[in-house]
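S.K.: Spelled out from the first residue to the last, the chains are:
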Amino acid sequence: MAAASTSTSASADSAEQDALKALTFQRLHPKTYLERFLSENVRPDGRDLDEWRNVSVNVVVCGVKAEVAEPELDRPEEGFLVPNLDLPAICSPKFKPGPPSDEAQVLSDRLNEVLVASGVVPTTSLCIEPGKAVWVLYVDATCINYDGNAFDATLLAMVAALRNTRLPKATYYEDTKRTICSRKVMEPLQIGRLPTSFSYGIFDGTHLLADPTSFEEPLLDTTISVVIDENGGLTSVMQLGLGLVGGADVLDKCIGAAEECWKTSRKNVYEAL
Amino acid sequence: MSSALTARPRGRQPDQLRDLSIVYEGLDRVDGSARFGFGSTKSLSSVSGPIEVRPTLENPSQATLDVQIRPLAAIAGTDSKALATILKTVFASSLFLSHHPRTLVQIVGQALCGTESGSGLGSAGRGWNATLTASLVNATTVAFLSAGSVPMRGVVCAVAIGRLQADPSSSPILILDPEEAELPRLDGSGCFAFTFSAVLPGSPLSAENVPRCALSWTNYTTAGPFDVQEFKRACDFAKKGAMEVWLKMKESVCWLEKSAPPPRIRAESKVEDDETPGEMEVDDDKVEI
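For the record, the sequence lines run as chains D and F.
Residue 200 in the UniProt record's numbering sits at position 200 of the first sequence; the count goes up by one each step and never skips.
Residue 46 in the UniProt record's numbering sits at position 46 of the second sequence; the count goes up by one each step and never skips.
Rather than coming from a laboratory, the hints here were simulated on the basis of the structure.
Quick reminder that beta carbons are idealized off the backbone N, C-alpha and C, glycines included.
Treat the hints loosely; a few may be bogus.
[Unchecked claim] With a straight-line Cα cutoff of 27 Å, these simulated DSS-like cross-link-like pairs (lysine-lysine) come out:
(1) K42/F with K239/F
(2) K88/F with K94/D
(3) K88/F with K31/D
(4) K184/D with K132/D
(5) K88/F with K253/D
(6) K253/D with K42/F
(7) K184/D with K169/D
[Unchecked claim] Every beta carbon over 12 Å from chain F, so not counted as near; a handful from chain D, in silico:
(8) K21
(9) F25
(10) S118
(11) E129
(12) D175
(13) T179
(14) S182
(15) S214
(16) F215
[Unchecked claim] Simulated coverage check for chain D against chain F, where a stretch passes if three residues somewhere in it have a Cβ under 8 Å from a Cβ of chain F:
(17) 105–112
(18) 250–257
For reference, chain D alone in the conformation it holds in the complex (with noise of 0.2 Å):
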């Protein structure tokens, strides 16, 4: 009975010092650790090269702000739309508490770019009085758990905050040049386009990753992300780096798989929110 519970032990303490190995492995050599995994066509975290994971890894919470402004004066009937998102220290320790790091900087930005001109929201649906008073929304996230590929994430996350706010009724009057916000009455934001992400990786050029993770993210050549609407219609697509897989362009190939993820899992993720 002793020998079988010291053997239990025995091989208890070296899974225990295996998962140790493998861990530092991890963080010695990550780019071996990848490859390793990769040649038997697999990921460290189980799943398949193409595989996404659950809407839910990810978890960023999104609030939408406004406020009245004055317009542009060569735009004077566009309101702004102005998304940010923020990568505090709690979501994952490679960011450290401080001013915004160059990776929510970079998302902010990319964010900025689908949201605005893709026409989510038309930005001539949110003037009150042209000239006078437009509304500024802003859309604030903070991203709460990171594990790679925020700005999927992300943009989920706006949209259907965006889709959730309702603004009060604004009147401009001209008399006292104040814009004056009814208590009672509220609009929903006039939505054009519902917008839903899909991003890849490539490893080595020679791996075509999905929902590339954490881990995987700094060892990637090249990121590609396809945007696709409501409908089915492409609204962006971007590439950074070269986008070669053993020598073949694999961009229409990621078009493709996007497209097709999206019809299988992503076409009424709005819906259900």
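Since the structure of chain D is already known, use the hints to place chain F on it.
M.R.: Frame of chain D; chain F shown alone:
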């Protein structure tokens, strides 16, 4: 109707670039510098490297690439920061950084023209529109050529594509190199950067002996939906434009030392005197010691 939509300023064709200008600035304190312009949309870029690196940024296996981007007016905001990150990735793949470990290669890019409208703050990409971004990428490439100190795997050439769509039912029209005046009419736009390199696998050499190229960056975003075919069309369209940029860069190497191109050779082939000293040449007789 469609002809009214595609009518471009000064009668440009949809696939016609504006006059490209490359000037090698010869700034004193940096290793290489150059100005690139699509017509009046110009950017200036300077390159220093390999130079000393701060210990915190030091990388034992390759040179650290540091990119700083400045708009024409106002301080650099998140859009400039994002552009710097993009340029870092695009150029890191086109340079042999592993040849100079524990050093720094610093790129500083400056826009030489702003947008006509607004302050550029708070609206998407109003400060850095697609054409200005393309001119910045090209200016950086040409600055690397002028420096000659960082070995290059390939030459990065970028062009901008604009999309015009009269109404959702008609097919969209793509135009190359949209200028400032055309931006408000555009339904979508994007910058396409291609790395030209003889070592890339793929399609055979084209007729003009331009080497093969691969897409290394794009941010094509539109207000109306598009499909894969349109994206492919945009890509091929941009590729042709990028080839023209490459040919211009190759031509510019002949005035690399003189900093300015020889006075324009017009269609009447009036060849101007090439011997007139440029601003950089010093007339030894007149220098006082």
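S.K.: Beyond 12 Å from every Cβ of chain F: is that where the Cβ of F25/D lies?
M.R.: 19 Å, holds
S.K.: For the pair supplied as a hint, K88/F and K31/D, confirm whether the alpha-carbon distance does not exceed 27 Å.
M.R.: Holds, because 20 Å separates the two Cα atoms, which is no more than 27 Å.
S.K.: Is the nearest Cβ of chain F still more than 12 Å from the Cβ of S214/D?
M.R.: 17 Å, holds
S.K.: Given the hinted pair K184/D and K132/D, is their alpha-carbon gap at most 27 Å?
M.R.: Judged against 27 Å, a Cα distance of about 23 Å means the pair holds.
S.K.: Quick one, are K42/F and K239/F close enough, alpha carbons at most 27 Å?
M.R.: 21 Å, holds
S.K.: With d taken as the least Cβ-Cβ distance between T179/D and chain F, does d exceed 12 Å?
M.R.: Per Cβ check, T179/D is outside 12 Å of chain F; nearest 19 Å; holds.
S.K.: Hint check: K253/D vs K42/F, CA-CA at most 27 Å. Holds or violated?
M.R.: Violated, at about 35 Å.
S.K.: How about the region 250–257 of chain D: do at least three of its residues have a C-beta closer than 8 Å to a C-beta of chain F?
M.R.: Held - the region 250–257 of chain D has 4 residues with a Cβ nearer than 8 Å to chain F, which meets the minimum of three.
S.K.: For the pair we were handed, K88/F and K94/D, check the Cα-Cα distance against 27 Å.
M.R.: Roughly 20 Å between the alpha carbons, so the hint for K88/F and K94/D holds.
S.K.: Would the least Cβ to Cβ distance between D175/D and chain F come out above 12 Å?
M.R.: Holds, since 29 Å exceeds 12 Å.
S.K.: Do three or more residues from the region 105–112 of chain D put their C-beta atoms closer than 8 Å to C-beta atoms of chain F?
M.R.: Check passed, 6 qualifying residues.
S.K.: Would S182/D pass as off the interface with chain F, using Cβ distances and a cut of 12 Å?
M.R.: 26 Å, holds
Checked against the numbered hints listed earlier, the structure breaks hints 6, 10; every other hint is satisfied.
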